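K.L.:
With our numbering, you'll find the sequence shown wraps up at 611, consecutive numbering, no jumps.
Honestly, the hints are just simulated from the structure, not real lab data. This structure is a prediction, so every number in the text was calculated from the model and none was measured. Some hints here could point you the wrong way.
[To be verified] Listed below are the simulated PhoX-like cross-link pairs for lysine-lysine, each with C-alpha atoms no more than 25 angstroms apart in a straight line: (1) K593 with K519; (2) K342 with K519; (3) K481 with K342.
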Amino acid sequence: MSVLRVGNASGFYGDRFDAMREMLTGGPLDVLTGDYLAELTMLILGRDRLKNPDAGYARTFLRQLEECLGLAHERGVKVVANAGGLNPAGLADAVRALADRLGIPVRVAHVEGDDLTAAHPGTLAAHAYLGGFGIAECLRAGADVVVTGRVTDAALVTGPAAAHFGWQPTEHDRLAGAVVAGHVLECGAQATGGNYAFFRDGDVRRPGFPLAEVHADGSCVITKHDGTGGFVDVGTVTAQLLYETGGARYAGPDVTARLDTVRLTQDGPDRVRIDGVRGEAPPPTLKVGLNRLGGFRNEVAFVLTGLDVEAKAALVHAQMEPALGGVADVRWDLVRTDRPDAGTEETASALLRLVVRDPDPEKAGRALSGAAVELALSSYPGFHVLAPPGKGAPYGVFEAAHVPQDAVDHVAVLHDGRRVPVAPAKDTAVLEAVPEPPPPPPLPPGHTRRAPLGLVAGARSGDKGGDANVGVWARTDEAWRWLAHELTADRLRELIPEARDLPVTRHTLPGLRALNFVVEGILGEGVAAQARFDPQAKALGEWLRARHLDIPEVLL
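Build the full structure now, drawing on both the sequences and the hints.
P.N.:
Next comes the structure, spelled out in structure tokens:
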């Protein structure tokens, strides 16, 4: 086949359960992938494994296969998923048992070697991000189902593509094209209108899941099955390309893809062609995600209604202070959702949020909950809380480390039990930043109007450990000429006050008419620590789009 059709049926652990069936029945497909892992998911699976050593994988995937394994076998569709989590061998055994029970003759293989927990004492889970060549080994040996642990999200596409087209590790441009395709697919419906800044451009009530038609040269077309919801256009693909990325060099274990070489072309309704992608040798190291328990966390949200909101907040603060003196970390946030002369009680109310963290479960538990509950009849008028505070819950901390590629034993465990070592990349290059390209010519001077940035630019944001990225793109060449000059790192700090004292790096991607900002440390110790209102920075881009600037009237 000259084209390999690779679909996605899961962007996270908990995604739409019916997606696997929809993708298998909706149209032609060669490989169906599923991404079930994220930084937070690894922590959740680690806690599952503490309770049961045989756990540690995404159980949803097994339930989906119970309904769909027969369909995949009948239609000749290979299934590749990272649902193995912390226990890919256990999941492979469970899939074999399921297939035997259902009487479906499928060959199941798995990839392992990512687990480095023993080498990192004090962690709940430490896993290296592997590339796609272990998956490729399994598929070349005839596997019908391949499950993995922690591989890069894009490896779910690079592996099948390398197996199908016979690519070698040194074919960097082809591999880079597959990495870009994999990055677009990995978050499921985010490529088909889900979570999209300009969602009103189409019907996104139930967007379909995406697929990539991958060609032998690494180029592809992003599309979806006919008749499914949502839409695919240059904007939806641009948004996903910017999600959780950084600079022009997008590094992985197989290849470093140059995002500044990506060309996007509308190729018909719901079809976007991606070509021109250049690749470079991967870095000599692999990223390792370290998850550990950080302590215990508790919170309470006091509802402050009507007049004297700030005085009421000060009273609660003073009343709670004696109980919080010995707590390691205390954070107060007053969220002014109230309005004067409000027509409903809810819109007359503000929220005072108190979050505590401490290594001692007692301090984070009863110290907070007992003191808060005791105020019920002895605090500000109208005292109540959104929910009674609990006893505190453990929270996690994510950190990233790096190890040499040859420090990891990447192994493909074939369907017949043979173990095939996967060699680390021999051709590597230390990752360096790409020099910033020159900006486009500025727009001629003219009248401006104070208006939201989102009228002329889209955005998508996400998390990487304690950092957040905000990708912003213009929809027209004229808007890009303005955006590239206006939205500097300093201006972003002005628009997002939380970032004023933090390192902010701006990366320019002219081919996408985009700017990608990395804000270091804005998420504290990562999503599991829940250090801020939006712990994964999912809406940071939408907040930025809502901020007002002086925008040229010719763009409005």
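K.L.:
Are the hints correct? Go through all of them and say.
P.N.:
Hint by hint, here is what the structure shows:
1. Proximity of K593 to K519 is assessed by CA-CA distance (about 11 angstroms); at most 25 angstroms being required, the pair is judged to hold.
2. A C-alpha spacing of about 12 angstroms is found between K342 and K519, which places the hinted pair at or below 25 angstroms, so the restraint holds.
3. Between K481 and K342 the alpha-carbon distance is near 17 angstroms, which keeps this suggested pair within the 25 angstroms criterion.
In this structure, every one of the numbered hints holds.
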